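J.: Here is how the chains run, residue by residue.
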Amino acid sequence: MDKNIISDLDNFPEEDKQRMSTMADQLQIRDSLRMYNSLVEKCFKECVNTFYRKSMTKQEETCVLRCAQKYLRLSMQVGLRFSDLNQGSSTTDK
Amino acid sequence: MASNISPSAFDKEQIFGMAEKEMEYRVELFNKMTQTCFNKCVDNRYKESELNMGENSCIDRCVSKYWHVRCYLSLLLDLSLALV
Chain A
1 MDKNIISDLD NFPEEDKQRM STMADQLQIR DSLRMYNSLV EKCFKECVNT
51 FYRKSMTKQE ETCVLRCAQK YLRLSMQVGL RFSDLNQGSS TTDK
Chain B
95 MASNISPSAF DKEQIFGMAE KEMEYRVELF NKMTQTCFNK CVDNRYKESE
145 LNMGENSCID RCVSKYWHVR CYLSLLLDLS LALV
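Protein sequences appear in the order of chains A and B. Numbering-wise (our numbering), the first sequence opens with residue 1 and increments by one. Numbering-wise (our numbering), the second sequence opens with residue 95 and increments by one.
It is worth saying that the hints were derived from the structure and are not from the lab. Take the hints with a grain of salt, since some may be wrong.
[What the hints assert, rightly or not] Derived BS3-like pairs: lysine-lysine, alpha-carbon spacing no greater than 27 Å straight-line: (1) Lys159/B / Lys134/B; (2) Lys126/B / Lys115/B; (3) Lys58/A / Lys141/B; (4) Lys42/A / Lys159/B; (5) Lys42/A / Lys54/A; (6) Lys115/B / Lys159/B; (7) Lys126/B / Lys42/A; (8) Lys42/A / Lys141/B; (9) Lys45/A / Lys141/B; (10) Lys45/A / Lys126/B; (11) Lys17/A / Lys106/B; (12) Lys134/B / Lys45/A; (13) Lys17/A / Lys115/B; (14) Lys58/A / Lys45/A; (15) Lys54/A / Lys141/B; (16) Lys134/B / Lys42/A; (17) Lys126/B / Lys159/B; (18) Lys58/A / Lys42/A; (19) Lys126/B / Lys141/B.
[Said to hold, decoys possible] Listed below are several chain A residues computed to face chain B (Cβ distance under 8 Å; list not exhaustive): (20) Met20; (21) Ala24; (22) Cys63; (23) Ser75; (24) Val78.
This structure is a prediction, so every number in the text was calculated from the model and none was measured. Here a beta-carbon is modelled for each residue, glycine too, at the ideal position from N, C-alpha and C.
Start from the sequences and build out the full structure, keeping to the hints where you can.
T.: This is the structure in structure tokens:
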């Protein structure tokens, strides 16, 4: 959760804290499901191109696994950079 | 006395609504950024699971530029609305 929101929460009555917390939880669940769906869609499009059989080929399995791992690593890295930018710290050009 | 200290129910609803929209906006921004930078930076041959040096470098720059484009266009929109 955003630092600003967290600091504001200290002054809230308990009832409102609970409500804000619930809101954040629901948003997180929604976001996780959304991320999962976009990951499946992305990796399926990238890796599965033939339909001679119902089961996945070894090559497709490997591709999907690597695709997913790259996506998750990228998401983590974007998250770190996103935090930096949000806090307004200067980004050195490279 | 108490009414001067705590916001009215209506004000509280507005505050919560605004907070929720702010959270949703940030999440959406993060998602768009992630998807966009993945499409632009990651080699789609998937030869390995790790992000290579080129991809890592690209991601850093992609995020930074995406952010700056957002700030720039946000400012531009504010100006155009102010001129109306």
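J.: Mind checking the CB of Met20/A against every CB in chain B and telling me if the closest is under 8 Å?
T.: Holds, about 7 Å.
J.: Please work out if Lys134/B and Lys45/A have their alpha carbons no farther apart than 27 Å.
T.: holds (15 Å)
J.: Assess, step by step, whether the Cα of Lys126/B is no farther than 27 Å from the Cα of Lys42/A, and give holds or violated.
T.: Answer holds: Lys126/B to Lys42/A is near 13 Å, not above 27 Å.
J.: Is the hinted pair Lys126/B and Lys159/B satisfied, with a Cα-Cα distance of at most 27 Å?
T.: Holds, because 13 Å separates the two Cα atoms, which is no more than 27 Å.
J.: Verify the interface restraint on Ala24/A: the C-beta must sit less than 8 Å from at least one C-beta of chain B.
T.: holds (7 Å)
J.: Verify the proposed pairing of Lys134/B with Lys42/A, using a straight-line Cα cut of 27 Å.
T.: holds (13 Å)
J.: Would you mind confirming whether the straight-line C-alpha gap from Lys17/A to Lys106/B stays at or under 27 Å?
T.: Holds - the C-alpha atoms of Lys106/B and Lys17/A are around 12 Å apart, at most 27 Å.
J.: Decide if the proposed pair is consistent with the structure: Lys17/A and Lys115/B, CA atoms, cutoff 27 Å inclusive.
T.: holds (17 Å)
J.: Does Lys159/B sit within 27 Å of Lys115/B, going by the straight-line distance between their CA atoms?
T.: holds (24 Å)
J.: Lys42/A and Lys141/B: Cα distance at most 27 Å?
T.: With a Cα-Cα distance of about 16 Å, the restraint between Lys42/A and Lys141/B holds, given a limit of 27 Å.
J.: For the pair supplied as a hint, Lys45/A and Lys141/B, confirm whether the alpha-carbon distance does not exceed 27 Å.
T.: holds (16 Å)
J.: Ser75/A was flagged as interface toward chain B. Is the shortest Cβ-Cβ separation under 8 Å?
T.: holds (5 Å)
Violated hints for the displayed structure: none, as all numbered hints are satisfied.
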